[in-house]
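4 protein chains.
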Amino acid sequence: MSEVNREWMEKTFEQVKNWGRWGDEDQAGALNFITPAKRAAAAALATEGAAVSCSLDFPVTPAPDNPHPAQHHMLVAGDSCTMSELGGLEASMDFIGIGFHGLAPTHIDALCHVFVKETMYNDRPASEVKSIGALGNDIMCARDGIVSRGVLLDIPRQRGVDWLEPSVQIRPEDLEAAESAQGVAVSEGDILLVSTGRDARRAKHGPWAPMDGMAGLGARCVPWLHERRIAVLGCDGISDAIPSTDIEEWPVPIHQCCLVAMGVHLLDNLDLSGLSAACAERGRWEFLFNVAPLRIQGGTGSPINPIALF
Amino acid sequence: MSEVNREWMEKTFEQVKNWGRWGDEDQAGALNFITPAKRAAAAALATEGAAVSCSLDFPVTPAPDNPHPAQHHMLVAGDSCTMSELGGLEASMDFIGIGFHGLAPTHIDALCHVFVKETMYNDRPASEVKSIGALGNDIMCARDGIVSRGVLLDIPRQRGVDWLEPSVQIRPEDLEAAESAQGVAVSEGDILLVSTGRDARRAKHGPWAPMDGMAGLGARCVPWLHERRIAVLGCDGISDAIPSTDIEEWPVPIHQCCLVAMGVHLLDNLDLSGLSAACAERGRWEFLFNVAPLRIQGGTGSPINPIALF
Amino acid sequence: MSEVNREWMEKTFEQVKNWGRWGDEDQAGALNFITPAKRAAAAALATEGAAVSCSLDFPVTPAPDNPHPAQHHMLVAGDSCTMSELGGLEASMDFIGIGFHGLAPTHIDALCHVFVKETMYNDRPASEVKSIGALGNDIMCARDGIVSRGVLLDIPRQRGVDWLEPSVQIRPEDLEAAESAQGVAVSEGDILLVSTGRDARRAKHGPWAPMDGMAGLGARCVPWLHERRIAVLGCDGISDAIPSTDIEEWPVPIHQCCLVAMGVHLLDNLDLSGLSAACAERGRWEFLFNVAPLRIQGGTGSPINPIALF
Amino acid sequence: MSEVNREWMEKTFEQVKNWGRWGDEDQAGALNFITPAKRAAAAALATEGAAVSCSLDFPVTPAPDNPHPAQHHMLVAGDSCTMSELGGLEASMDFIGIGFHGLAPTHIDALCHVFVKETMYNDRPASEVKSIGALGNDIMCARDGIVSRGVLLDIPRQRGVDWLEPSVQIRPEDLEAAESAQGVAVSEGDILLVSTGRDARRAKHGPWAPMDGMAGLGARCVPWLHERRIAVLGCDGISDAIPSTDIEEWPVPIHQCCLVAMGVHLLDNLDLSGLSAACAERGRWEFLFNVAPLRIQGGTGSPINPIALF
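Residue numbers (our numbering), protein chains in the order written: chain A, 1 to 310; chain B, 311 to 620; chain C, 621 to 930; chain D, 931 to 1240.
It is possible that part of the hints are untrue.
Listed next, with one range per pair, are the computed distances between beta-carbon atoms [unchecked claim]:
#1 T681(C) to G23(A): 21 to 29 angstroms
#2 E869(C) to G88(A): 35 to 43 angstroms
#3 S1057(D) to E808(C): 48 to 56 angstroms
Calculated directly from the structure, the hints in this document are not laboratory data.
From a predicted model like this one, the values you see are computed outputs, not experimental measurements.
C-beta atoms are modelled at their ideal positions from N, C-alpha and C, and glycine is treated no differently.
Taking the hints into account, I'd like the entire structure generated from these sequences.
So this is what it looks like as structure tokens:
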């Protein structure tokens, strides 16, 4: 399975560390790569005004990849709409609840979501993430949204298949081949989205237990991601291949190196099928990308509905 | 209090109806005013790349305006991060739950949120909003996000005050005075944001019970909103003044006429303080505005973090 | 599979109806069989002072029979215990959430939980069960607890097996054979508990999807249950066998006839392994039984921890 | 306010410690005082078969003493009962959620709920109470229910008033005066219930913010409770008076000494109005008492509906 060993992982983790790069107090990590100029350039890509969601529907249905379904509860439905507290107003209301990490909800991981040796991004101890909420590296660094150029690399398309089989680990060579084939180059401050075709496979075969295998980026992509200075990484899976390495303490090296070492936020369980079609149709794989996490103080991430604009 | 009577309300409700305007099956209402060209023109406003959130923080703290606080529960904190199910991964996780309607959470109202005479937008019966979710007019019409030009009218600024007192009802004349003072004109497909200074008043005096009074648009604004063909209306309050009319069946005419008659989605409990400052600083009251509701099938709305981009 | 046909089911449903038996306004159903004298006689059985729980643990773990796991969230753990709102108090706190119907949680079904032809016990329409809560036949009829004689019939024991295979339907003859073998007779006002050995099978083979089959009482038991004038029926499964009949509108005749026609509350997903051992050890199959539902106004039932006292 | 000082509190805390009394591994504390013989004797009190709940209704309504209301959400109401997943079954279902500590829900405190100097009952460190659940002293020690003799001491009755004013601290002399007046003596293994008349005051004046004051037992009762070897203490308030002492680290000495030093579980926010009436009517202040916590592994307590049986 794994092309890497413990020594390589440990060395790589150290090499890609951005700790201190934006100051000792920094909690935003690679979001610092997104400058106003970068945002403005990204906005200039939205020449058509076509918007595409990259989110799956709110995942309320139990499934092999959704063992803890989200809650959508109607509090007042039409049957009771005339029984309002506010006399005369007829209204319906609902409640949502979600433990948004996991393999079904479309969400963003904050930098406090993962630790290596009980330490998180920028050398903060895991103990800062309290049972009452995270005191550092929470999602509030993205309170004003994450807006930048999005770039989609569609690996199945590059390989001429509908999807990558669950055992596949994407290599840096694959990313570069996709860049070349698509005529796009990942650069500083980009939100890089990588498609594995999970949506297509699920549409065909139904959801499966992720622990049985998920295509994703192999550990060897870590240095490449670092070199390109991406701001955020997103995937229709969880970016990491499952399984990834056979090293006990490095089960998901992309999560571990991106969130902890590099300070790169991750977007998990995107729906990239619509985006890929939109890109292919235009022969254009870059767009304005907008991620707007809920402002959850002390939160380890947020459910999101990222929107691409062409 | 009220400048309008029942007859006027009923006549106005009929006059501003957009039922059938976009077909008998339409569930998107005035979002139809947002064309690709409108979106592209809005994107062209984002020349600086400055992003501003218009959301309050996730409202977990009980308060007079927050009697049903949202939930933010850590599922795994740093103290347990080494006890992962996925061997070797150290992670923290959390859960959020929210009944997002009400007077504290920043949220969007779907067209199935309000009824008049047990009927909702485009002549659909309230009974379509089931206890298991809405079968029509749910938030899914905004699944690809709501992206358009945003225009902020800052009424306190126009009046030279920090905030409007809770008893104040904004009139069409006030909206036009603000347009004039700010050098901006509300036009078809816009997301109109109206500031009452609620944020400033709350910062000064703390939260208060909304039933004690909230500034907002009076009923006489309804025809004006209709004429301008806005796509969405947002406010730092709930757009309606409280109290608004003294007519039993028309307690919140903006909600009733916008959501039911016109098919105009509402954004409630925005934080417009940062946006207003950003606009004033630039002397520019228009911007690219992005609202990305969660894709809740059957949902009556969604918590949101709307992002303005200059 | 089924020993009964539609005609028999409809006739039987009519024959076992207790509608009007305790008045047209009654909402307690067969709980009326439990008199103070019955309770006092039951208490007289508690001569030893040995207490046995009949509840499974709070079901937070996803499983084939638990697709919507309950929530147990720590709100404040030891790591934050000194950060109290009440100065000086060091405390931990938690939250529980549960949709208690289903195949995993130990719970009681209120009489508003099931309908036949959109009608519930004592001829109340399903429309009384609103999205804001049930207006009739809710669990509040059991607000003072359900205390009576409990009688356990252990069918696997009577058959000399560890458990009944999932396809097995218990017949009235089985119930009587168990009575005879155990030296106990079910009588008016009893809480009848029937063991299928589900606990033992699950302990051996792990949980399985209930729709693949669950042992339980077949439809032919309905008249027998009615004749015996039981107050409550409980089971380690859901009382009904799955599948039960092949008649489309009578999928779970025990639920339909007990809750709707007879007004007999049901206890689902009990753990009867400890109780059975306690009974066998004593050669005594009757005991004081206490069920204390939470006082949920408008509730369709409650999670419970029923306690047997010898 | 306070009749005690820091030195007295610290000395008393040491004197009433039951740490090690039932072994170093014990997690049940004073529940060990409840023997089978005690339970059998208690059951013998249930000669009439009259049952009385001591629980308030499930607290879903915001109030000054209920800032985090419990959730009762219908998942399927009558309007959707024919849309079942199980063809032919018409059913309604609901969900409950509750953070049960606090001043409104009737609940039991487990021994892991409170710490003194980051240590809990039987010398276990607070760090054992993890964000994923308590690893020691959780509510599972009461998994088989808490069944014993209940004794009610009604202090307002003894004083000839309807309720104690919020500032009142009950003294040991008051407890003994009530014992004497009522003709009952608290003894080893009892579940002691103390009424302050909170229910009556709330019925008259509505709920109030507990931090404004609540009647309860003063710190001087601690040695008395220890001497009597009670198993459990319950109250219509939270047993402690608020405020109680003016010593910073001893804000609620009953909670701190009972839960941490003595291992006495607490029942908070009982409704004792019905029980008091039932006792007075009979001139009998002892009864069989049954508390059946949900079996929440790692839980710091449980919502309960305690049932008294005469």
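Evaluated hints:
1. T681(C) to G23(A): 21 to 29 angstroms: violated, 43 angstroms
2. E869(C) to G88(A): 35 to 43 angstroms: holds, 41 angstroms
3. S1057(D) to E808(C): 48 to 56 angstroms: holds, 54 angstroms
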